[in-house]
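J.: For chain A, the structure is supplied; the task is to place chains B, C and D on it using the hints.
Protein chains: 4
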Amino acid sequence: MIRKPKSKLNLLRQRIHIIIYGTDTVAGRLFDLILLGLILLSVFLVMLETVKGFDAKYHHELIILEWIITGFFTLEYLLRIATTNRPRNYIFSIFGIIDLLAILPMYLSFFLVGSKVFSIIRALRLLRLFKILNHPKFTGQSIHLLKALNASRGKITVFLYFVLISTILIGSIMYVVEGEENGFTSIPMSIYWTIVTLTTVGYGDISPGTPLGQFIASMVMILGYGIIAVPTGIVTAEFTRTNTNKTELEKNSCENCGVANHNPNSKFCYHCGHPLTLK
Amino acid sequence: MIRKPKSKLNLLRQRIHIIIYGTDTVAGRLFDLILLGLILLSVFLVMLETVKGFDAKYHHELIILEWIITGFFTLEYLLRIATTNRPRNYIFSIFGIIDLLAILPMYLSFFLVGSKVFSIIRALRLLRLFKILNHPKFTGQSIHLLKALNASRGKITVFLYFVLISTILIGSIMYVVEGEENGFTSIPMSIYWTIVTLTTVGYGDISPGTPLGQFIASMVMILGYGIIAVPTGIVTAEFTRTNTNKTELEKNSCENCGVANHNPNSKFCYHCGHPLTLK
Amino acid sequence: MIRKPKSKLNLLRQRIHIIIYGTDTVAGRLFDLILLGLILLSVFLVMLETVKGFDAKYHHELIILEWIITGFFTLEYLLRIATTNRPRNYIFSIFGIIDLLAILPMYLSFFLVGSKVFSIIRALRLLRLFKILNHPKFTGQSIHLLKALNASRGKITVFLYFVLISTILIGSIMYVVEGEENGFTSIPMSIYWTIVTLTTVGYGDISPGTPLGQFIASMVMILGYGIIAVPTGIVTAEFTRTNTNKTELEKNSCENCGVANHNPNSKFCYHCGHPLTLK
Amino acid sequence: MIRKPKSKLNLLRQRIHIIIYGTDTVAGRLFDLILLGLILLSVFLVMLETVKGFDAKYHHELIILEWIITGFFTLEYLLRIATTNRPRNYIFSIFGIIDLLAILPMYLSFFLVGSKVFSIIRALRLLRLFKILNHPKFTGQSIHLLKALNASRGKITVFLYFVLISTILIGSIMYVVEGEENGFTSIPMSIYWTIVTLTTVGYGDISPGTPLGQFIASMVMILGYGIIAVPTGIVTAEFTRTNTNKTELEKNSCENCGVANHNPNSKFCYHCGHPLTLK
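Protein chains in written order, with full-length UniProt numbering: chain A, 1 to 279; chain B, 1 to 279; chain C, 1 to 279; chain D, 1 to 279.
Bound-form chain A, shown alone (with noise of 0.2 Å):
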């Protein structure tokens, strides 16, 4: 909060920070919109640089269009730092460490070849999306996804233990039975299979080749029936429950934007102003 700017370097400060950081002005959500719009260009053209017939035709282009998004991310993190007042807060987060390591790379580049890959951690940017979508019907979903998903960590966590000791038992039964001849080569190996053929993936790169090996290897699919529904018999049940608890909970709320715990009594929603029907 920056009250009573004492010169004009001070009004203009305040007038950056109200367009990057806030989402409220005209100003601030056009800048949230381009930004979002570069961050996803971005990563597209950091994907299509490895494309080695694309990347042929137009390498100079790529490289052209690279640098200016680079600079103006680097133009905006610098913006961040000196219009808060809080900079250390900002560096220190997980957006602003995300936001330094998004142009880093490019900035390596000069040193070290081939770390320009590594740009596309600005994916990680496109969180973002969920500051600037700041409402309250889309915040709910997301903190109601994250508990139920939360609320599920301790069984999975027990659930995880024992499909790990498991697929090792299994891995090196099957080390055993099919041998290197059939692709086991290794223990370490045979338990990749065990992973792919549990979670029912399944690539073919490694199959059984005994009949024996087979043989387990049905088990081992069937097995992996049962347990693929665990995970989601536990994540279904929290979600069940906090539907249920969240019904109750929001009795009151506005259709329009979710807002919930209104006054019975209340005729407008006091968020977004859009007419209430409680029932």
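It is worth saying that the hints were derived from the structure and are not from the lab. Take the hints with a grain of salt, since some may be wrong.
Which copy? The list can't say, so a pair holds if one copy fits it or any two copies do.
Claimed, not checked - Quick list of in silico lysine to any residue cross-link-like pairs, SDA-like style, CA-CA up to 25 Å:
hint, residue 1, residue 2
1, 147, 48
2, 52, 67
3, 147, 161
4, 116, 209
5, 147, 160
6, 116, 182
7, 147, 162
8, 52, 115
9, 147, 91
10, 131, 28
Here the structure is a predicted model, which means the values were calculated and not measured.
T.: Below, chains B, C and D without anything else, positioned relative to chain A:
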């Protein structure tokens, strides 16, 4: 609703309208069944034409049959426009557009070789089944299905956005780790691999070759395990909730046709006449 | 129910009836166990005969064993007809038809070479286990399972119809995009690929080769993600509902055998005599 | 419980007992952590020994390390027997048998070449973690998980029996339809393919080559879709039910350690001393 037919033509027009649009008369139901049969046949013909061995043998017969069906569809389309009182409503409705797109590719094939294959869009006409099966029980199922999916939309969008960012990052890591010699020729290709793995499809056209790559792939698969639980959990929680609500609302529903909210004292369903056993 | 046996033959017939059809006497249970063992053995024999290496070694022994079992099954079939009072009911029941189909292929093999492999239909006789395990707890589980699946049938049919139309359209798009040089030789073949991908099976016998094809394939996989959640959600919601209903109905159920609706004052289960701990 | 130590030896025995079996003293916890670390290290060593490139380089070091760990495990095993009052209880407990099996393969390797690989059974010793993490919150999660799985056992057995019969029949049909030239060399092989397909693993080592075979395979995949929903539905319904019951029972539970059923008036958890916020 066409009232007071003034001429023979008008009377004919009204009769055709009842046959084409109606589902209550014998002729109307028969027309719908024949239409559905022709749509199915037509879709099969377009498919079969692409099978080299079959097309070589029966090329001539296939083309004649296709033109007969296209002719019938064209006639039907024109009659639908001619017999309705509001042709614009039909022409610009979803079903009207599909009906037009279903006959266009055949006529376009005179000018554009190979455009005939787009006749496959006729498959969309199969959605007419829902208009024909205008049964409350059946429609209820569809509505329940769509409601649950619609309610899950918000959370699934948030979830897919996180998955998108994850696939970009995982794909880039695998591109750096595995490199071109193992098939990870570019970041977009690696992202394709990540999606193939995360969704547990696992073609095996690209699979990690280095120990580190296989280790990361194993982690991705186990992550995919947890991830597949999320949309399932979201959709299931919605189904459970709408299921519970439905049970309460449909307390006085007919066992035969599913129509709900009967008067608790009524002894027969007002829709199908089936005796009611209200609980 | 055979009353008043008038001759020795009738007495014998009655005794055999109790052994073959009954599950309460020691002889009846023993007969059922031996029968189930023979069915299992027979299924294994038919399987093993198709394994070239094994058949080459033990061809003679396999054939003798198969004829012995077929002889026993034929005798059992005839005795079942002879000892029941209503032979027609048995002959035209599902189990009666299966019993006949289980022995026919062996006799047909005299006229039709290769018909012996259809003896595998004996696997269906394994369903007799449910008749033998005539235990309320066990039957309850099966009924609960079938009820939930039956209740989901309507929604799953609607869902599969949508999936069918989608696979036709996606398959056609991929046929146009990928073409024959990447294995998408015809629309039916492309539809086969679409089903392989949507269900996350992913053999990899056909996989997209063009960038656009891989992009569409990625979209299809993510769609498959959402799609797999739907039947799971439907079935789970039904299980949850029937589970809840069951809990209410079976309040006074026996812990040992599962029989429900006991008189709240009774101290022992009327079915198995186990002490009751009613809540 | 060892009371009244009469000699120095007895005192030592008591102390070692507390260190090995106890988890409350610092020495006891330290011993458990070191033991767990050694188990993990040992499992990794057995794995690495099978990796040809690594074993060639560090064969000598691997063997020395393995013998040191085996020595430590042997000593621990003997001390566990020596310091407990009821050695039989320990020796014939599951953990006692695992502890013995974990050291046996190394000693057997003097007589039987290649038996060393079975030392991988040490992975089962990782289950000790649950004894070490003797935390109510953690144990509660495991118990909840096992309870839900146990409650689903009956239905899942019935379900798997149906799946088994289906795989035999589908496998046989595919054997007849596809034949040996497409890799379906025998009925057991075709059953293996059916399981690979039904569970959506889909290696692609065997895949249908005839149009009819591909059509049947498509049906099997869509069936597999419905089928995967069943165990998930069963497990989820149980999780939801036990979740609901849990919520009611644990109304007065501690947020920190999960211990439930506190006196509604208590202000601190009787187990961990954390301030309670009972609702």
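J.: Could you run down the list of hints and mark each one as holding or not?
T.: Hint-by-hint comparison with the structure:
Within a single copy, residue 147 and residue 48 get their C-alpha atoms no closer than 37 Å, and across copies no closer than 40 Å, so neither meets the 25 Å cut-off. Proximity of residue 52 to residue 67 under the C-alpha cut-off of 25 Å is restricted to the intra-copy arrangement: shortest distance 20 Å within a copy versus 46 Å between copies. With identical chains, the CA atoms of residue 147 and residue 161 are at most 25 Å apart both within one copy (22 Å) and between copies (17 Å). In this assembly of identical chains, the alpha carbons of residue 116 and residue 209 lie at most 25 Å apart only when taken from different copies (24 Å versus 43 Å within one copy).
In this assembly of identical chains, the alpha carbons of residue 147 and residue 160 lie at most 25 Å apart whether taken from the same copy (20 Å) or from different copies (17 Å). For the homomeric pair residue 116 and residue 182, the shortest alpha-carbon distance between copies (21 Å) is at most 25 Å, but the shortest distance inside one copy (40 Å) is not. Taking identical chains as interchangeable, the C-alpha atoms of residue 147 and residue 162 lie at most 25 Å apart whether they share a chain (24 Å) or sit on different chains (15 Å). Taking CA atoms no more than 25 Å apart as the test, residue 52 paired with residue 115 passes inside one copy only; the shortest distance there is 17 Å, against 33 Å between copies.
Taking CA atoms no more than 25 Å apart as the test, residue 147 paired with residue 91 passes in neither setting, with 27 Å inside one copy and 44 Å between copies. Taking the shortest alpha-carbon separations for residue 131 and residue 28, only the intra-copy value of 12 Å comes in at or below 25 Å, while the best inter-copy value is 48 Å.
When each numbered hint is compared with the structure, violations occur for hints 1 and 9.
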